[in-house]
Amino acid sequence: MLEWSTAGPAVGAAFLASIVEVVEAFTIVLVVATLRGWKPAMLGTGAALFVLAAIVVILGPLLDQVPLHLLQLVIGVLLLLFGIGWLRKAALRAGGVIPLHDEDAIFAKETAGLTAEVERRQTSQDWIAGIAAFKAVLLEGLEVIFIVIAVGAGRGMLWPASLGALAACALVLLVGVIAHRPLARVPENTLKFGVGVMLSAFGVFWTGEGLGVDWPGQDLALFVFAALFLVAGLTAARIVRKPIEVTV
Amino acid sequence: MNILKDVFSELFSMFVADARLTATILATVGLAAVLIDATSLPPLAGGLVLLLGCIAVLFLSVRREAKRRASPKSGSY
Numbered sequence: 001m002l003e004w005s006t007a008g009p010a011v012g013a014a015f016l017a018s019i020v021e022v023v024e025a026f027t028i029v030l031v032v033a034t035l036r037g038w039k040p041a042m043l044g045t046g047a048a049l050f051v052l053a054a055i056v057v058i059l060g061p062l063l064d065q066v067p068l069h070l071l072q073l074v075i076g077v078l079l080l081l082f083g084i085g086w087l088r089k090a091a092l093r094a095g096g097v098i099p100l101h102d103e104d105a106i107f108a109k110e111t112a113g114l115t116a117e118v119e120r121r122q123t124s125q126d127w128i129a130g131i132a133a134f135k136a137v138l139l140e141g142l143e144v145i146f147i148v149i150a151v152g153a154g155r156g157m158l159w160p161a162s163l164g165a166l167a168a169c170a171l172v173l174l175v176g177v178i179a180h181r182p183l184a185r186v187p188e189n190t191l192k193f194g195v196g197v198m199l200s201a202f203g204v205f206w207t208g209e210g211l212g213v214d215w216p217g218q219d220l221a222l223f224v225f226a227a228l229f230l231v232a233g234l235t236a237a238r239i240v241r242k243p244i245e246v247t248v
Numbered sequence: 001m002n003i004l005k006d007v008f009s010e011l012f013s014m015f016v017a018d019a020r021l022t023a024t025i026l027a028t029v030g031l032a033a034v035l036i037d038a039t040s041l042p043p044l045a046g047g048l049v050l051l052l053g054c055i056a057v058l059f060l061s062v063r064r065e066a067k068r069r070a071s072p073k074s075g076s077y
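As given, the protein sequences belong to chains Y and U, one line each in that order.
Using UniProt numbering, the first residue of the first sequence is number 1, and each one after it goes up by one.
Using UniProt numbering, the first residue of the second sequence is number 1, and each one after it goes up by one.
Please keep in mind that the hints were generated in silico from the structure rather than gathered at the bench.
Fair warning: there could be bad hints in the mix.
Stated by the list, open to error - Derived CB-CB ranges, DEER-like:
#, chain 1, residue 1, chain 2, residue 2, range
1, Y, V57, U, T39, 40 to 48 angstroms
2, Y, K39, U, A45, 56 to 64 angstroms
3, Y, L63, U, S71, 39 to 47 angstroms
4, Y, G113, U, P42, 51 to 59 angstroms
What the hints assert, rightly or not - In silico DSBU-like links for lysine-lysine, alpha-carbon gap of 30 angstroms or less:
#, chain 1, residue 1, chain 2, residue 2
5, Y, K135, Y, K39
6, Y, K39, U, K5
7, U, K67, Y, K109
8, Y, K109, U, K5
9, Y, K109, Y, K39
10, U, K5, Y, K135
11, Y, K109, Y, K135
Predicted model, so just to flag it, every value in this text is computed and none were measured.
All C-beta atoms, glycine included, are put in the ideal place defined by N, C-alpha and C.
Full structure from sequences and hints, please.
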């Protein structure tokens, strides 16, 4: 039976991270649907989901062949690289150093880009639009797959993490279909901050376990790590918000 | 081929968004591994170095990037 302290962080991290990625993919699919109709948007999305499913079916069973400590170490290091990268960017955005992610602006930019591409190329316009949807869903979907594997594989939590990601997809699709516009009101940087904190905490946890560290409190250590990363990220954002004096 | 190129480029940028950040995280993991495997210290000491090292790397990386962008020499991107 699953324990909440073990499954909760995996499901939560997969759910929140997937919301961020699916919102980004949804914006591009909506651009395609708005410009060329739902047919190329759905064909591109369906083809990408098929490729993603094939990747999971082919690579999934290979995970069982990898020794657990090696799997934890490799995934832990990748999570550290990915999670701290997200947290750094979210802290810089929260501190006003780099601009916030704006789905409305991305929608306008992608619309202009796709319109120009369709005018420039001689091939079928629906084909170009479908490829745009395909690429967006494939690229964001790869990140979702990595996150699900990363937070789920170390402790046999792949199914709960997958359910978290699927719930996020369903939620974004539902809200997107109802709103029928870019989901600009999703607090993306707050989500990214939270996910960066959780992925970094998982990264330290798995890397440590992979190296042979027996963390006190077992899975509960994850919450302590997350709290420390949260405080560090918020403090860093607050510090960079002030003007920095350059000493000569 | 463009799609494949984009896929690999996306995968690369997922983990190597900033070369210096990547290098310092890997160095921190390496230091923790040496402490755990090659010294008589308890493994938890290496784990603490890993945890505190990663937090320090995050903190310093955010400050460095903010300073870099505030500097008149750097162009924003």
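Against the structure, the hints come out as follows:
1. In this structure the hint that V57(Y) and T39(U) lie 40 to 48 angstroms apart at CB holds, the actual value being about 43 angstroms.
2. Taking the beta carbon of each, K39(Y) and A45(U) are about 60 angstroms apart, inside 56 to 64 angstroms as hinted.
3. L63(Y) and S71(U) have their C-beta atoms about 45 angstroms apart, which keeps the hinted 39 to 47 angstroms range intact.
4. One distance hint, 51 to 59 angstroms for the beta-carbon pair G113(Y) and P42(U), holds here, with the actual separation near 55 angstroms.
5. For a cut-off of 30 angstroms, the pair hint linking K135(Y) to K39(Y) stands: about 16 angstroms separates their Cα positions.
6. As the CA atoms of K39(Y) and K5(U) are separated by approximately 26 angstroms, the hinted pair is consistent with the 30 angstroms bound.
7. A C-alpha spacing of about 29 angstroms is found between K67(U) and K109(Y), which places the hinted pair at or below 30 angstroms, so the restraint holds.
8. Among the hinted pairs, K109(Y) with K5(U) is consistent with the structure: their alpha-carbon atoms are about 22 angstroms apart, no more than 30 angstroms.
9. For the hint linking K109(Y) to K39(Y), the alpha-carbon distance of about 22 angstroms falls within 30 angstroms, and the restraint holds.
10. A hinted pair counts as satisfied when its Cα atoms are at most 30 angstroms apart, and K5(U) with K135(Y) qualifies at roughly 11 angstroms.
11. At roughly 16 angstroms between alpha-carbon atoms, K109(Y) and K135(Y) fall within 30 angstroms of each other, so this suggested pair holds.
Figure legend: structure checked against the earlier numbered hints; every hint is met.
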